[in-house]
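S.K.: For reference, the chains in residue letters:
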Amino acid sequence: MLRRFDMEAGGDEFTFKPETEPKITFWREKYPADKQRSAVIPLLWLAQKDNNGWLSEPAMREVADRLEMPYIRVYEVATFYTMFKLAPVGKYHVQLCGTTPCMLRGANDLKEVCQQKIGKKMAVTDDGRLSWEEVECLGACVNAPMVQINDYYYEDLTVESLEEILGKLGNGVDVAPGNFVDRQKSAPEGGPTTLKSGDLYDGSRNTSGVLPNLPEAEAGDKPEPEAKGEPPRKDPTNVEREEPGVEGEPPETLEVKKGEADDLKKIEGVGPTIEKKLNEAGICKFSQIAAWTEENIKWIDQSLVFRGRVWRDEWVKQAKALENGDSSSGGKKGKV
Amino acid sequence: MAEDLFKLNIDGKDIEVPKSYTLMQACEEAGAEIPRFCYHERLSVAGNCRMCLVQWKGAPKPIASCAQTVGEMRMNPDGTPPNVVTTGDYVEKARNGVMEFLLINHPLDCPICDQGGECDLQDQAMAYGRSGSRYSLNKRAVENKNMGPLVKTIMTRCIQCTRCVRFAAEVAGVEELGMISRGEDAEITTYLEESLKSELSGNVIDLCPVGALTSKPYAYNARPWELRKTESIDVMDAMGAAIRVDAKGDAVMRIMPVLNEEVNEEWISDKSRFIWDGLARQRLDRPYIRENGKLRPASWKEALSHTAGLLEGPADKVGFLAGDLVEVEQVKAAHDLAKSLGVKSADCRPAGSTYGANGVREQYLLNPTLMGAEEADAVLLIGTNPRQEAAVWNARLRKAWLWNDLQVGLVGDPVDLTYDYTHLGDGPAALDGLLKQKNDFVKAFKAAKRPMVVVGEHALASEHGQDILNAAHQIALDAGAIKEDWAGFGVLHHAAGRVGALDVKFVPEEGGADTETMLSGGLDTLVLLGADEHDLSRLGDTKVVYVGHHGDAGAARADVILPCAAYTELDATFVNTEGRVQMTQKAVQPKGEAREGWAIFRALSDVVGKTLRYDSADELREILREDNEVFAGLGFAPGAAGHAALLEAPAKPQALDKARPFGAAVSDFYMTNPIARASKTMAECSLMKRGLETPVAAE
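Those protein sequence lines, which keep their order, are chains A and B. For what it's worth, this note's numbering labels the leading residue of the first sequence as 1, then goes sequentially. For what it's worth, this note's numbering labels the leading residue of the second sequence as 1001, then goes sequentially.
Keep in mind that a hint or two might mislead.
[Claimed, not checked] Between beta-carbon pairs, the in silico distance windows are: (1) B:His1423 / A:Glu8: 55 to 61 Å; (2) A:Lys120 / B:Glu1143: 20 to 26 Å; (3) B:Ser1020 / A:Met7: 45 to 51 Å; (4) B:Leu1192 / A:Gln184: 36 to 42 Å; (5) B:Ser1133 / A:Thr100: 28 to 34 Å; (6) A:Lys185 / B:Glu1143: 43 to 49 Å; (7) B:Ser1020 / A:Asp109: 56 to 62 Å; (8) B:Asp1440 / A:Glu8: 57 to 63 Å; (9) A:Met103 / B:Asp1420: 30 to 36 Å; (10) A:Met83 / B:Ser1133: 31 to 37 Å; (11) B:Ala1059 / A:Lys120: 28 to 34 Å; (12) B:Gly1691 / A:Thr253: 50 to 56 Å; (13) A:Leu104 / B:Glu1100: 42 to 48 Å.
Hints were generated in silico from the structure; no laboratory data involved. The model shown is predicted, which means the values in this text are computed figures rather than measured ones. Cβ coordinates follow ideal geometry from the N, Cα and C atoms, glycine included.
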């Protein structure tokens, strides 16, 4: 596979985010002053993180300049390691493991899911949210088949669970990483089959907690066990990347009590799904839609992925009519 | 030093080699021939082509002999020296396997490949290749890369030996080549396909063992076996690099370097290599006389008698000026003619120079020698930019800096020399009290066993030139650079003809005018011997006789043009900046009616009635040797032999603070002489260097 910088998408400039600077210092301090070029891989990695998951040519130059390396030397490194992406990736970049254990457990089916939901390898979806590629073993064979999305592993996948994950991510909804069957990490499905006794984990069997010759323990100073079962599934923390290319301004939002919201479905082109999306985004009244400016529409169109519907169906005009109670001049309900 | 030697048994022969040798060197010492692609003795070891496999008895696998240090090999279990076998079925089979893999993706386009006939891969495939391919899949194809106007690339042919990458990084010191991607996708390229910017980039063409990097100007011009090869000497700078001129018919087709360890190792600069198209353009192929402001073709007889008429006037109104590329024979003949006419004004130095007039040869030679850079431990460069003035020597300085920890100090413009140096000052004023400066370089310089002071000739071309020379000389003496076995003080010239002309004493006699005076008008007649680098605008109504081979500045101003042979067209003597006397060899015939330079002055002497006493170039050289014994020894640089002449302290330098700044001797590396200015290739390089777009060659 030829690897070349996407010069057009890379633009002319790149600057590290201010919060990355301490990390750069951290890596550079690991190496002596005359061996700073050793930090090239960590710095390229940080640059890739700061550049929405891919390494642009200006970003590579910035790293070379910082480490006082000739560009060609950094270029060699950046093109050698496939972990550096030289062309844009989606907000969620799916790395699908296709090596033997995952393949035996159904990775080829997952590949088809990716092809259907996302498209060709390394192609980014129109909305900029998704892209995928096949990679070699990610070292999670026990939980095969699996994918890595940005920084985290999504394991024990099936066609259905991957479809669901991609569906959610494609709509801008985060999905927590981890296993997608009922198991804890790599433990047997359905819970442990051995070492089940609860007191193994609660510290109660830790009777010889006090070592000889230690200062006398105070009453009730029992050692705390380090691990206590499954940690709560937190919200994913990997999504630091910018929402791809959202232009325009968000419109004003309203908090409306249930029952007071207008029936947005009256607008032609708005169905229950879209109404839900609009309501979630804080759009509940015809008056709001009627007041949208061109900039607002742009924002709504991109962030809720309406793909031109707002303009095509002239929602604003319809909403104005509906707001005035003139159900005959706009709205599908009026037409009937 | 017995403990540094290591015993080996190679092909049944017991030998002893230094422990630092590679197994490949040891095998060659034992007389075995080892095939190789990536290994090159002047580059670091890469060990990636695997062609040099040999058998080490007892080792589980064949050994890449280029990457195996002898000192790290172990004895046989019974304590006898390790047995290495370089021939036989085992080795043969291993190398056949390597060769088959190398050829898997190599295109079978030898009939249209410029490397054909001198290709390492072709030669070694004859010895180790299979007769047919077993590979039935698609071959890999690689996009060709742009590397500028000199290097043509056909990257599908590349076998990834990385010689070019190592050359650029290690020898040229310009890290602009690299190998990107990996495995089957690996490609050699410059960063985003920018042009190579090194002055030595042409050498990657010689280094490339296959036809991936070839010469762009020479592309599809000739086959190596059709070319007449003549070993000669380069005149593009004052180093006198050894070259081979390849000619077909009466045209020079290409110029290649020849090994001369003491001068150019095995490199030459791009200017030396690609100048040849300039030898076919803008040539003066017949005499011309200016009439009514226009030059008209004339016969030799007419031109010579016209010239004789111009020389008839009072001797103090006649001057001779020698240029940068003039061979010793021509200067000698011109000098003899001038003397017989009673002309005292003759000069070969740039305007304003005063050095060299006292005839002490050591004061204008590079006494430490070019090779001395590798023995020196500290070098002080004064008013010189060796990268531009002697590009190949600069690579040697870099080599010494890289491997010998050579310390470099520079007084002059802070330019990029491809190695680190301590900048000690901008102009001549910095020479005053230089050794009192407190920095690491001065400390190292004073402590150095073999310190070296090098003054650029350009720095001497001003009214305070002698003062600058004296100051530099004094610094060398103060640092203890002049001793029995080391003369660590010298001048780096950038014109091939200069030292030879100075050795002939082509400088004004008592009462004669120097270059500056001659150029400022007042003479009746000025004879230019290929002198094109001067400002001729102030000559007024001086009549100009131009003896030269290219229509350049001199010819444009000339009243009579007498065409002579260029350096590839005659056997001629040149003296390099070290004082090494070397001879070019005639590779092709002079153009048209052009004659050898000395013969023109010999003929002229006949016409003016002061016939010179030699009838052939050999007779002239005989007299040259009689007059000055330095011409007796060919290919020899005096070096430290001249140290005695430098022991005497020079006069105290005056008014260093009033001297003009050093500036740059070479403003455009690719445009330093009339041949280069006539060359299209050099013009493209010059445009590229100035950041302009390279025009597509019209031909």
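S.K.: Does each hint hold? Answer for all of them.
M.R.: Tested hints:
1. B:His1423 and A:Glu8 have their C-beta atoms about 41 Å apart, which leaves the hinted 55 to 61 Å range violated.
2. Between A:Lys120 and B:Glu1143 the Cβ separation comes to about 22 Å, which falls inside the hinted range of 20 to 26 Å.
3. Evaluation of the 45 to 51 Å hint for B:Ser1020 and A:Met7 yields a pass: the beta carbon distance comes to about 46 Å.
4. Remark: the range hint 36 to 42 Å for B:Leu1192 to A:Gln184 is contradicted by a beta-carbon distance near 50 Å.
5. In this structure the supplied range 28 to 34 Å holds for B:Ser1133 paired with A:Thr100, their Cβ-Cβ distance being about 31 Å.
6. The hinted window of 43 to 49 Å between A:Lys185 and B:Glu1143 holds, with their beta carbons roughly 47 Å apart.
7. In this structure the hint that B:Ser1020 and A:Asp109 lie 56 to 62 Å apart at CB holds, the actual value being about 59 Å.
8. The hint said 57 to 63 Å for the Cβ distance between B:Asp1440 and A:Glu8, and at roughly 48 Å that hint is violated.
9. Between A:Met103 and B:Asp1420 the C-beta distance comes to about 53 Å, which lies outside the given range of 30 to 36 Å.
10. Checked against the hint of 31 to 37 Å, the C-beta distance between A:Met83 and B:Ser1133 comes to roughly 35 Å, which is consistent with it.
11. At roughly 48 Å, the beta carbons of B:Ala1059 and A:Lys120 sit outside the given window of 28 to 34 Å.
12. With their beta carbons about 54 Å apart, B:Gly1691 and A:Thr253 fall inside the hinted range of 50 to 56 Å.
13. For A:Leu104 and B:Glu1100, the Cβ-Cβ distance of about 34 Å falls outside the hinted range of 42 to 48 Å, so the restraint is violated.
The earlier numbered hints that this structure contradicts are 1, 4, 8, 9, 11 and 13.
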